[in-house]
Structures are given as C-alpha cells and as structure tokens.
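Below are the chains, spelled out letter by letter.
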Amino acid sequence: MASDGVPPPLIAAQLNYLLNHFPLSVKVDQMWSGSKYYPGVLDRFTIAIPYCLDVVKWDVIYNVESPMSAPDVIFGPDDENFHPLSAKSKTDSLLDDWNSRDPTRLMALIQELRDRYVEYQKKRVAEVDDDRLKFEISTIVFREGIEMYMSSGAEKPEEVRFAVPLTDMNIDKMVPGCPWRHPPKIYLQVMYPVGRKYGSAPSAPRLKLVSTSELKAIFSIEDVKLPPWSDGMCMAEYLPHLEEFLEKQILEAVSLIDVRRRFIEALAPLFGRPLEADPVFCRKATFLAGSGVFTFLVHFMIPTQFPKLPPALMLQSSQHLNSQGVPLKSLPLTDYPWSPRWDVSLMAERIFEFLADEALNFKRYCNESQLQH
Amino acid sequence: MADTPIDKIAISGPTLASLIQRFSSSSGPLDGLLFGHVSLLSPSTLSDDDPSSSTTTTTTSTSQTRIATVTSFISLPFSSPSGHLLPSFPSSPSPLGWFSARRRSPLRPSMREFSVSQSLSSSSTPLSPCLFLLLASPIHDHAIHTHEYRAYQFSVSSESFGSKSIDIVNIGPGFRGHYGAFSPNSPFPALPCVVGGSVMIEDEKEGEEEELVERRQLDLCAEGFEVRRLRRLMGSGAANYTAELEDLYGKMLAKVESLARQVELSSAKVFEQENLNRKLRHKAARLAGSE
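The listed protein sequences correspond, in order, to chains A and B.
Following my numbering, the numbering of the first sequence begins with 13 at its first residue and continues without gaps.
Following my numbering, the numbering of the second sequence begins with 208 at its first residue and continues without gaps.
These aren't lab readings, by the way, just hints derived from the structure by calculation.
It is possible that some hints are incorrect.
To be verified - Simulated restraints on C-beta separations:
#	chain 1	residue 1	chain 2	residue 2	range
1	B	Gln469	A	Gly88	45 to 51 Å
2	B	Ser370	A	Gly17	31 to 37 Å
3	A	Val153	B	Gly381	53 to 59 Å
C-beta: ideal position from N, C-alpha, C; glycine also.
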C-alpha cells in the first residue's frame with residue numbers, strides 16, 4: 013500500500029522505539045498518509061499487537077499538520093466498547109502531557125492501552141453466563157499473566173480463549189551463550205465454546221501448545237503430545253500436571269544440545285575443522301570435503317530429536333554453478349545407515365564412509381547438470 | 208430529558224455541503240460544534256395531489272418522531288488530546304453535539320472521539336441530545352474523491368454511541384413535517400405587526416419603552432434609515448419616498464459589495480498565511496526530528 017513515503021522524523025523515532033523495545037513483537041501492518049499536501053509523509057499506521065496468542069490491530073492516527081501533537085487510536089470493529097480514556101487513568105495524562113521529542117511516548121501509550129485491553133477482555137469474559145467458565149476463572153485467577161479473549165461475531169461461534177503461560181523455567185539461562193533477547197515462553201491455549209445452553213455434558217475444551225519462535229532451536233512444541241483431558245476435569249487440575257510433563261521434556265531437550273556438540277566434535281577428526289558451526293544450539297555445521305580433485309561442502313542439519321533422528325546432509329559443490337551462478341546442491345540426505353544407539357564417533361565414521369560413495373554420485377549429478385546448460 | 212433518544216438526525220443539504228467543503232479544504236483534521244434544535248414531527252398526510260387523503264389526516268398524532276435538526280456548525284478545537292473540554296469551551300449557545308472530520312481513516316469513533324462525547328454529556332451543562340457526526344474518507348481510495356459520514360447519539364446511561372440515520376432536508380412532500388415544526392430563530396427582532404393607520408398614530412404617541420428598545424434594534428439593522436420612515440411608503444406621498452428607498456438599497460448593495468470584496472481579500476491573506484504557517488510547521492518538525 014502507500015508505503016512509498018516516510019513518516020516525519022518525530023513520528024518515525026517513536027514508531028521505531030516501539031518496534032524495537034516493546035516486550036512483544038509489534039508489527040506495522042500498513043502505513044499511509046492522511047495529508048492533503050504531503051502525500052509522501054506518512055502519519056497513520058496500523059499496528060498488530062500480540063494479544064492472547066493472536067493479534068489485535070489498532071490504527072494509530074497522527075496528524076502530519078501538527079506532528080508534535082499526541083496521536084489518536086482507532087480500535088478494531090469488534091472492540092467498539094473498549095474505551096480506555098473513559099475511566100480516570102494514566103492514559104489521559106500521557107496524552108495531555110504529550111512530549112513529541114520523547115521517543116518512548118508511543119510505546120508507553122501502547123503499553124498502557126494494552127494493559128487496559130487485558131482488563132477489558134477479562135471483564136467481558138467474566139460477564140459470560142456460563143457456570144463452567146465462571147468456575148474455571150475462579151480457580152485459575154491467581155496465576156499470573158493469563159490473557160483472555162471473548163470472540164464473538166456473526167459468522168464465528170462465541171467462544172472464550174485463554175492463553176495460560178506455562179512454567180517459569182528460564183530456558184535462556186540454561187543454555188550457555190544464549191542470544192535470545194527475551195526468555196522464550198510456552199503457552200497453553202484453551203478454547204471454550206460458550207452460549208450452547210442445550211449441550212448435555214460439557215465437552216473438553218480445545219487445547220493447543222504454543223511457544224515463542226526462538227524455542228524452535230532446541231525444542232519443537234508441535235511434537236509434544238498433550239496429556240489427555242479426562243471428563244469433568246478443570247484447568248486447575250490439568251495445568252500442574254502438564255507443566256511437570258513439559259519441564260521434563262525441556263530439561264531433556266537442553267541436555268541434547270551437549271549430545272549434538274559431541275557429535276560435531278566427533279566429525280572433526282575425519283572431516284577436519286568445521287568451516288562453520290552453530291556454537292550455541294549445535295543445530296548446524298559445515299565441513300569441507302573432497303573426493304580426488306572434486307571438492308564440496310557438507311552441511312549437517314541436526315534435528316532437535318537427534319540422536320533419535322539422523323542429521324540431514326546436504327552437499328554443495330565448490331566447482332559447479334547453475335545458470336544463475338548459484339552453486340549446485342544436493343537434496344537433503346537422510347537415508348543412510350544410522351542407529352541412535354551408536355556412539356558419536358561411530359556415527360561420524362559411518363557418515364564419512366557413506367559420503368565417500370555419495371560423493372561420486374553427487375559429482376556425476378553436478379557434471380551432468382552443467383552439461384545441459 | 209437527560210437521555211431522551213432521538214429518532215433521526217436531519218441536516219439541510221447546504222449545511223452538510225458547507226461542512227464537507229470546510230473539511231475538504233482544510234489541511235488537517237477538524238473538530239467543531241453542531242447547532243440546531245430538537246423538534247417533534249408529526250408526519251403529515253396532507254397532499255396537494257391526492258384529494259382523497261384529506262379524510263385521514265386526523266389519525267396521525269400517534270407516530271410522532273423526535274428529530275434533531277442541525278442548522279449550523281462552527282469549526283473550532285475545543286478539547287484536549289485525551290478528550291477533555293478546554294477551559295475556553297463556550298457555555299452558550301448550547302450545541303446539539305459535535306463533529307470530527309479526519310481524512311483517510313476508518314469510519315468508526317476513535318478513542319478520543321468517544322472521550323470527547325463523554326465529556327460533553329457529563330459536563331456542568333450536559334448536552335442533550337449529545338450528537339456526534341463523524342466524517343472521514345477511505346484509506347485506500349485515491350482515484351475517486353469520496354466523503355463518508357455517520358451520525359451517532361451518545362447515550363449517557365449506557366455510555367455508548369447509538370448509530371442514527373441522517374436525513375438530508377430537501378423540498379418535497381417527504382419533508383413537509385419540517386415546515387410544520389419550523390420555528391424561526393434569528394437575532395433580528397420581530398416587527399410589530401399593526402393594521403390600520405389609527406393604531407399607528409396612537410402607537411407613535413404612546414412610545415412604550417419596550418417598543419423603543421425594539422425600534423432601536425431595528426434602526427440599527429437599517430443603518431440610518433429609521434424604520435418609522437417606512438410608513439411613509441404608503442399613502443399619498445409614497446412616490447417621493449420610493450426614490451429615497453431605492454437610493455438606500457443602492458447604498459446597501461454597494462456596501463455589501465465592498466464588504467464581500469474585503470472578505471475575499473482577507474480570506475486570500477489568511478489562506479496565504481496558513482500556507483506559510485503550514486510550511487514552517489513542516490520545516491520545524493523536520494528539524495526537531497533530525498536534531
């Protein structure tokens with residue numbers, strides 16, 4: 013959309029501060045100008061703010077004619093009853109004493125509005141006339157950081173969603189040299205359908221585990237099999253059990269980093285020093301290998317379930333380029349002799365042997381593809 | 208009375224057009240107040256065309272509609288960024304509500320707009336009804352110049368906006384009710400209506416104080432031509448006075464023309480100055496940001 017422009021410097025400074033310093037990852041959805049005279053000066057934008065494992069989209073409306081004034085905000089069409097300025101709040105003074113030269117202002121405003129939004133949604137959910145829901149809320153209300161969302165709309169069935177943060181393990185502290193800006197978080201998403209008065213027994217809520225994307229480096233949340241939700245269970249019963257179960261899995265995942273490190277170290281005596289290796293999570297390593305005069309790179313992509321699953325190998329020629337000038341690569345290779353019970357040095361040896369044969373196939377493939385061009 | 212819901216909002220075509228014109232010619236967003244009156248309309252079935260309908264006119268009083276008619280507006284900022292009323296907010300005359308016009312933004316009340324309506328309806332002299340007219344233009348549309356508007360009544364009891372339909376008042380059978388409910392609203396005092404010369408003379412002699420005040424006001428409007436003299440237009444000496452009156456009209460027209468010329472010139476100057484201010488502000492904002 014009309015992104016062929018820039019926001020005026022004062023507004024840009026505030027927006028950049030928001031994008032870089034907000035504890036959650038805020039994204040700019042679109043940006044446009046409301047100016048009559050300066051269509052290239054962008055003074056309004058839609059931001060997507062993470063909320064309850066989804067995003068809420070708010071339009072921030074500055075005025076390019078007076079970039080030093082406070083912005084106004086237009087909330088989503090579903091939130092027409094959200095009025096953060098109506099009660100005596102910090103927001104009012106934030107806006108009335110607006111200092112456009114302070115780049116932290118927009119972030120402070122959004123933070124304050126989001127806090128008010130959390131309260132607003134909590135109040136909406138509390139008003140839902142559903143006995144089971146009322147019971148669930150009363151038993152988990154003491155847990156910190158729970159977010160709730162009441163979805164309603166003409167097409168969608170009414171449902172209440174919870175985002176429950178799980179475990180207070182500081183996973184980033186358990187991994188030496190961890191580059192994460194924020195500790196990764198795991199949430200359980202619980203979805204209750206409401207408003208179906210005639211249902212017989214209350215059905216189990218829909219459950220889903222969600223994690224922040226950083227965690228993928230050591231732990232794949234999609235592979236966790238959730239413990240079953242038995243009839244008549246409530247969240248207060250389910251959660252401690254699930255947390256214990258998850259903590260065990262995370263501890264195991266962290267211990268697997270060392271197994272991967274030892275594997276990479278075991279490759280070195282055969283392949284030589286790695287050209288490149290991921291020193292923190294040990295998920296990747298690249299070695300230089302040769303077969304006669306044919307030299308190529310071997311990329312090792314090591315899955316989080318290693319050693320249960322073998323690393324994927326990808327060969328990349330140092331001598332053959334395709335028509336676009338990109339080095340020729342093989343497909344990821346995983347179908348080779350492998351046993352998780354082998355010692356890491358044996359694993360390295362068997363891969364080395366496998367590659368000695370595979371190198372010939374790869375060389376032939378490279379030569380043939382180049383002849384075609 | 209504090210929260211009487213109105214059924215409809217009416218605005219005359221020229222008022223709406225002038226509001227849209229004010230908005231589209233302004234460089235930035237606009238706020239302002241709406242003035243007018245609330246009336247109860249009884250739909251009239253009187254018709255010139257259909258004589259048979261005259262028999263049914265007596266049964267209409269049951270379906271009265273409460274209608275708020277916007278007759279004028281003034282564009283001025285009157286609230287803070289958080290929607291509180293500024294100390295300079297005029298206490299009289301009491302407005303019907305307010306409007307907000309912002310370019311290229313969603314046609315939904317914003318955070319501040321809700322707060323302004325709330326402030327207006329809960330101030331020391333609460334507005335009733337508290338209307339809100341929102342004007343916007345679409346975000347994406349570049350090729351076609353579109354104006355969108357939507358009207359709301361702010362409900363104090365439920366603290367929410369209720370969407371209302373807008374009637375653009377025009378001429379025709381559909382708008383007959385407006386004529387029935389018309390009440391003149393003008394700073395020009397009423398001319399004492401008297402019939403027959405004898406009363407006039409008595410009137411002259413009596414010279415009641417109340418009338419004197421009114422007459423002085425009228426004279427002020429006529430600027431140097433006493434209203435009393437209008438009387439001489441009737442009767443035997445009328446011919447002489449006609450020339451005098453024509454002369455007066457001529458002078459008035461000349462005056463109006465020179466006034467119009469002055470307004471034109473000063474508007475051009477204001478526009479020039481506004482342009483200059485805008486450029487300076489733009490420059491200042493750039494400098495402030497690049498420091």
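Against the structure, the hints come out as follows:
For the hinted restraint 45 to 51 Å between B:Gln469 and A:Gly88, the CB-CB distance of approximately 50 Å keeps it satisfied. The hinted window of 31 to 37 Å between B:Ser370 and A:Gly17 holds, with their beta carbons roughly 34 Å apart. Between A:Val153 and B:Gly381 the Cβ separation comes to about 57 Å, which falls inside the hinted range of 53 to 59 Å.
Violation of the numbered hints given earlier is absent; every hint is satisfied by the structure.
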